[in-house]
Amino acid sequence: MKALLYLAVFLSLFACSERKPIDPCQDKSMAYVMGQHFIEKRLKAPSTADFPWMSSDGVYVSVMGNCEFHVRGFVDAQNGFGAMIRTNYSLTLRYSKQSKKWHLESISI
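Heads up, the sequence shown is in the working numbering, so the first residue is 1 and it goes up one at a time.
Keep in mind the hints are simulated off the structure, nothing from the lab. Treat the hints with caution; some may be incorrect.
[Claimed, not checked] No farther apart than 30 Å at their CA atoms in a straight line, the calculated lysine-lysine pairs in the DSBU-like style are these:
1. Lys28 with Lys41
2. Lys41 with Lys97
3. Lys100 with Lys28
4. Lys28 with Lys97
5. Lys101 with Lys44
6. Lys41 with Lys100
7. Lys101 with Lys20
8. Lys41 with Lys101
9. Lys97 with Lys20
10. Lys20 with Lys100
11. Lys100 with Lys44
12. Lys44 with Lys28
13. Lys28 with Lys101
Make a model of the complete structure from these sequences and hints.
Given below as structure tokens:
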């Protein structure tokens with residue numbers, strides 16, 4: 001019974017807390033996900049793409065200011081012959097507050 005009471009108190013406190021909206025110009029996670037999207041568009045077999053977690057070694061996301069991000073990482077995907085290969089990439093993304101869209105500024109694969 002006490003456990004239910006503690007759970008009810010915890011849930012009521014959690015439900016009443018305000019969540020701050022995420023500033024897209026500081027959102028490294030979204031920049032990483034959008035970077036994956038731009039990389040997949042350039043792969044021979046995008047459905048085979050296997051990206052590491054953002055916290056993995058070899059993955060770096062940095063905020064450059066003015067809604068720009070630099071993303072470095074790698075992807076394992078099939079090449080034209082069906083062999084799985086690891087490809088390193090580096091790209092720069094920009095988020096437009098006006099259009100609410102992500103734009104690829106530069107890419108190196």
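When you check the alpha-carbon spacing of Lys20 and Lys100, does it fall within 30 Å?
holds, 19 Å
Given the hinted pair Lys28 and Lys41, is their alpha-carbon gap at most 30 Å?
holds, 20 Å
Verify the proposed pairing of Lys41 with Lys101, using a straight-line Cα cut of 30 Å.
It holds: about 16 Å lies between the C-alpha atoms, which stays within 30 Å.
Are Lys44 and Lys28 close enough, with their CA atoms no more than 30 Å apart?
holds, 27 Å
Holds or violated: Lys101 with Lys44, Cα cutoff 30 Å?
This hinted pair holds, its Cα atoms lying about 25 Å apart.
So if I understand the rule, the pair passes when the alpha-carbon distance is 30 Å or less; does Lys41 with Lys100 pass?
holds, 20 Å
Holds or violated: Lys41 with Lys97, Cα cutoff 30 Å?
holds, 23 Å
When you check the alpha-carbon spacing of Lys100 and Lys44, does it fall within 30 Å?
Holds. Lys100 to Lys44 sits at ~29 Å (cutoff 30 Å).
Lys28 and Lys101: Cα distance at most 30 Å?
holds, 15 Å
For the pair supplied as a hint, Lys101 and Lys20, is the alpha-carbon distance within the 30 Å limit?
Holds, at roughly 21 Å.
Decide if the proposed pair is consistent with the structure: Lys97 and Lys20, CA atoms, cutoff 30 Å inclusive.
holds, 18 Å
Going straight from one Cα to the other, do Lys28 and Lys97 come out at no more than 30 Å?
Holds, because 16 Å separates the two Cα atoms, which is no more than 30 Å.
Of the numbered hints listed earlier, not one is contradicted by the structure.
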